[in-house]
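Q: Sequence:
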Amino acid sequence: MPPAARRIAKKSGSYHHGDLRRALLEAAVKVVEKDGISALTLQTLARRAGVSSGAPYHHFDSREGLLAAIAIEGLALMVEQMRRAGAEAPDDGRSQLEALGRGYVRFALAHRAHFRVMFRPELHALLGKDTNPALGEGLEMLKRAIERCQSEGLAPPGDPEPLILLAWSAVHGAAHLWIDGSLQYEGLVENRDDALAKQVCGTVGALLAAAATNKAPLTGS
Numbered sequence: 018m019p020p021a022a023r024r025i026a027k028k029s030g031s032y033h034h035g036d037l038r039r040a041l042l043e044a045a046v047k048v049v050e051k052d053g054i055s056a057l058t059l060q061t062l063a064r065r066a067g068v069s070s071g072a073p074y075h076h077f078d079s080r081e082g083l084l085a086a087i088a089i090e091g092l093a094l095m096v097e098q099m100r101r102a103g104a105e106a107p108d109d110g111r112s113q114l115e116a117l118g119r120g121y122v123r124f125a126l127a128h129r130a131h132f133r134v135m136f137r138p139e140l141h142a143l144l145g146k147d148t149n150p151a152l153g154e155g156l157e158m159l160k161r162a163i164e165r166c167q168s169e170g171l172a173p174p175g176d177p178e179p180l181i182l183l184a185w186s187a188v189h190g191a192a193h194l195w196i197d198g199s200l201q202y203e204g205l206v207e208n209r210d211d212a213l214a215k216q217v218c219g220t221v222g223a224l225l226a227a228a229a230t231n232k233a234p235l236t237g238s
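Going from the sequence shown to the working numbering is simple: count from 1 and add 17.
Mixed in with the good hints there might be a few duds.
Claimed, not checked - List of simulated lysine-lysine pairs, DSSO-like, C-alpha gap at most 30 Å: (1) LYS160 with LYS215; (2) LYS215 with LYS47; (3) LYS215 with LYS51.
Unchecked claim - Using C-beta positions, here's what the derived DEER-type ranges look like: (4) GLU97 with PRO138: 21 to 27 Å; (5) HIS141 with GLY67: 31 to 37 Å; (6) GLY198 with ALA223: 25 to 31 Å; (7) GLY67 with THR220: 44 to 50 Å; (8) ALA227 with ILE181: 17 to 23 Å; (9) GLU50 with GLU139: 18 to 24 Å; (10) ASP211 with GLY71: 40 to 46 Å; (11) GLU139 with ALA223: 33 to 39 Å; (12) LYS160 with THR220: 18 to 24 Å.
Simulated from the structure, these hints should not be mistaken for lab results. A virtual CB, placed ideally from N, CA and C, is assigned to each residue, including glycine.
With the hints as extra help, turn the sequences into a complete structure.
A: Written out as structure tokens, the structure is:
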């Protein structure tokens, strides 16, 4: 378990029908997916699990602690999905970059509750790359892919950070728009989850490759 998770989750004890901490996390994810984050309380989870109202506090210090535990779990799942997608892709910069993006989008669409929780502003201090290894690993994977694209002439030269921002913003924003229903309503993407990942990630890769032909840094200034 990551250090941040150890600070958030208290040591688990016995539970008469299994692991209470695990049961609470799974119930919390279902609440968020069905009714939204605002509906999530420790008291609600206690009722769902059939335990006393104080029982969840043996495992989570607060509602924020519960949200942070969901987010930490989600970040680990996200990085694993990105890693798996990269391992299955051809070994070149653009293929690797697009694969990481597809893994990110596919994670978001398959784990919508986790995705909604993971980047909550009140959790930033607990889930930054300096305190959560999974987020740091995910950003490092993206940075390596961008830098490889640059070295292979598949992305503009210069500081990779603006390109990292562009790639992350594109896949993250697209996933949020899809989950919220906006893209489906506007008909900008085929009504298939896999179509979103392919279209957005392929477009980012193509844009960077096209910009690279200018032999100049791609900046907003």
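Q: Identify every previously stated hint that the structure contradicts and give their numbers, smallest first.
A: none
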